Amino acid sequence: MKFDPSVASFILAFGCSVSGWFVWWINKIDHDKQAAAQDAKQDYAEQRDFQHLRNNQKQIGDGLAHGFKDMEERFDIVDRELLRIEAYLIQGKRTTERD
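Using the numbering used here, you'd call the opening residue of the sequence shown number 1 and step up by one each time.
Keep in mind the hints are simulated off the structure, nothing from the lab. All figures in this text were calculated on a predicted structure; none of them were measured in a lab. Note that CB positions come from ideal geometry on N, CA and C, so glycine has one too. A portion of the hints provided could be inaccurate.
Derived DEER-like restraints, expressed as beta-carbon distance ranges [stated by the list, open to error]:
| id | residue 1 | residue 2 | range |
| --- | --- | --- | --- |
| 1 | Asp39 | Asp70 | 44 to 52 Å |
| 2 | Ile90 | Gly63 | 52 to 60 Å |
| 3 | Leu64 | Tyr88 | 54 to 62 Å |
| 4 | Ser9 | Asp49 | 52 to 60 Å |
Take these sequences, add in the hints, and give me the full structure.
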């Protein structure tokens with residue numbers, strides 16, 4: 001059997017092509033895994049940020065409700081004090097009218 005350089009070059013080129021394809025395929029699989037992991041990480045971060053925003057909004061709402069409750073209590077106290085003052089003034093006016 002005689003050495004044929006064209007067959008040898010074809011076999012060498014085919015072997016290099018197959019190994020190149022194999023390396024490309026492995027890198028593609030690795031890249032796809034990294035991209036999927038990055039997407040999952042980003043989805044988790046977005047979900048966590050949304051939960052933080054939701055919790056902050058709830059805390060703001062609770063704070064406003066608490067503030068309005070305090071204001072309502074203060075208005076009730078002021079209303080009672082005004083009624084006492086009014087009663088005191090009416091009582092004082094009646095006693096001065098009798099004299």
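To see whether the hints hold, each was checked on the structure:
1. Look at Asp39 against Asp70: about 47 Å separates their beta carbons, and that is inside 44 to 52 Å.
2. Here the CB-CB span from Ile90 to Gly63 is close to 41 Å, at odds with the stated 52 to 60 Å.
3. A hinted range of 54 to 62 Å for the beta carbons of Leu64 and Tyr88 is inconsistent with their spacing of about 36 Å.
4. Our hint of 52 to 60 Å for Ser9 and Asp49 holds, since their Cβ atoms are close to 58 Å apart.
Of the numbered hints stated above, those contradicted by the structure are hints 2 and 3, listed in ascending order.
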